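Engineer: For reference, the chains in residue letters:
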Amino acid sequence: MREELEIFLTFFRLGLISFGGGMANLPEMARVLTARGWVTPREFADGFALGQFVPGPNMLAVVFYGLKAGGLGGTLAALLGMFLPGATGAALLVHVREWMARARWSRALRRALVPIGMGLSFSVLLTLIQMGLDSLGSLLLVGLSAFLIYRGKGILPVLLAGAVLGLLLPGV
Amino acid sequence: MRVPWPKLLGAFLYVGFTAFGGGGTAHLYQLVVVRRGWLSEREFLEAAALCRILPGPVFANLAAHLGTRLGGIPGGVAALIGVLFPGASLMLALSLAYFHLGTQPGSSAAEALRGIMASAIGLILATTLHQARIGLDSPKAVALALWVFVTYGLFHWPLPMVLLSAVPVGVAFYWRESR
Numbered sequence: 001m002r003e004e005l006e007i008f009l010t011f012f013r014l015g016l017i018s019f020g021g022g023m024a025n026l027p028e029m030a031r032v033l034t035a036r037g038w039v040t041p042r043e044f045a046d047g048f049a050l051g052q053f054v055p056g057p058n059m060l061a062v063v064f065y066g067l068k069a070g071g072l073g074g075t076l077a078a079l080l081g082m083f084l085p086g087a088t089g090a091a092l093l094v095h096v097r098e099w100m101a102r103a104r105w106s107r108a109l110r111r112a113l114v115p116i117g118m119g120l121s122f123s124v125l126l127t128l129i130q131m132g133l134d135s136l137g138s139l140l141l142v143g144l145s146a147f148l149i150y151r152g153k154g155i156l157p158v159l160l161a162g163a164v165l166g167l168l169l170p171g172v
Numbered sequence: 001m002r003v004p005w006p007k008l009l010g011a012f013l014y015v016g017f018t019a020f021g022g023g024g025t026a027h028l029y030q031l032v033v034v035r036r037g038w039l040s041e042r043e044f045l046e047a048a049a050l051c052r053i054l055p056g057p058v059f060a061n062l063a064a065h066l067g068t069r070l071g072g073i074p075g076g077v078a079a080l081i082g083v084l085f086p087g088a089s090l091m092l093a094l095s096l097a098y099f100h101l102g103t104q105p106g107s108s109a110a111e112a113l114r115g116i117m118a119s120a121i122g123l124i125l126a127t128t129l130h131q132a133r134i135g136l137d138s139p140k141a142v143a144l145a146l147w148v149f150v151t152y153g154l155f156h157w158p159l160p161m162v163l164l165s166a167v168p169v170g171v172a173f174y175w176r177e178s179r
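In the order they appear, the protein sequences are chains A and B. Each residue of the first sequence is one higher than the last, beginning at 1 in the working numbering. Each residue of the second sequence is one higher than the last, beginning at 1 in the working numbering.
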């Protein structure tokens, strides 16, 4: 129970500070989880990659991290910790939404969060490249996938093609 | 509009099963506005914008908000479970498979994952570049984004410190035009 509580509190803190979109807290999460010894950098990157394959929020990768840290109890603790803060706030928003939509500070905040979110996204990219890429071939695959998706190709086919290329060209 | 929670659970489970690729807001829009007509387009867009200023994934926040609005607290819980349960179950199955089969370096599962990882980074790169065309539309926006990237991405400041340093400046930047 102590272990589950520790996992819950860790992910609750990460959930509480994850402003600016779903993955903004990824670099912070990578630092915290690897420092606690719950996952290796390789496992962190692999868990993130698996998370891209399931429907729903990308942050479902926390299922992977919670499972490694504390089994099934850890999975549930990580899920609750990550999703409860925002969901509770969103439910409370029902009562104040009209006032919020009019408030000048909330309009300014929503605008400011766009460029701040961009800075967070570029930080996420840097962290993922540092943790998940180890060869020139992978870097080329990143460029190719980005190009295809940017041109409007489907996400799932591109991810599957990445898996096949990884299988066909081991060590690339 | 008041919707009973079992109906909400069914509808949001459908979204949870089918929302691949991170475009959760678009899927919720299709469900709530286009298919069911539970909210007007304007109401939906306002709700989505407000859910952005909360911590956590916008997709899950928006589902909880819409569910609560349409069906009270039981509706909010049903909507959140609906969008999370399918993906979380699949993720659990994949994770169990990974820890039992795929941890040896050089195994074919590990090689496939390396390929997926590279493609996933490509996906985020493409999304970020798309958004940058709209999001980085002024020198102050570029300065703000650069500040966040340097402190968070390069200098590894803790995220709360990054936000405490950037959010007040950002609000001040946009105060005048947010009348």
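A few of these clues could be false.
As the list claims (entries may be wrong) - Listed next, the in silico SDA-like pairs over lysine to any residue satisfying Cα-Cα at most 20 Å (straight line): (1) B:Lys140 with A:Ala108; (2) B:Lys7 with B:Gln30; (3) B:Lys7 with B:Leu31; (4) B:Lys140 with A:Arg111; (5) A:Lys153 with B:Thr18; (6) A:Lys153 with B:Thr128.
Stated by the list, open to error - Sample of chain A residues facing chain B (criterion: CB under 8 Å; computed from the structure): (7) Phe19; (8) Asn25; (9) Gly37; (10) Pro55; (11) Val142.
Hint data in this document are derived by calculation from the structure and do not stem from the laboratory. Keep in mind the model is a prediction, meaning the values are calculated, not measured. The beta carbon of each residue, even a glycine, is placed where N, CA and C say it ideally should be.
Engineer: Against this structure, judge whether each hint is valid.
Structural biologist: Verification of the supplied hints:
no.: 1; hint: B:Lys140 with A:Ala108; verdict: holds (13 Å)
no.: 2; hint: B:Lys7 with B:Gln30; verdict: holds (16 Å)
no.: 3; hint: B:Lys7 with B:Leu31; verdict: holds (12 Å)
no.: 4; hint: B:Lys140 with A:Arg111; verdict: holds (12 Å)
no.: 5; hint: A:Lys153 with B:Thr18; verdict: holds (18 Å)
no.: 6; hint: A:Lys153 with B:Thr128; verdict: holds (16 Å)
no.: 7; hint: Phe19; verdict: holds (5 Å)
no.: 8; hint: Asn25; verdict: holds (6 Å)
no.: 9; hint: Gly37; verdict: violated (16 Å)
no.: 10; hint: Pro55; verdict: holds (5 Å)
no.: 11; hint: Val142; verdict: holds (5 Å)
Comparing the model with each earlier hint shows a violation of hint 9 alone; every other hint is respected.
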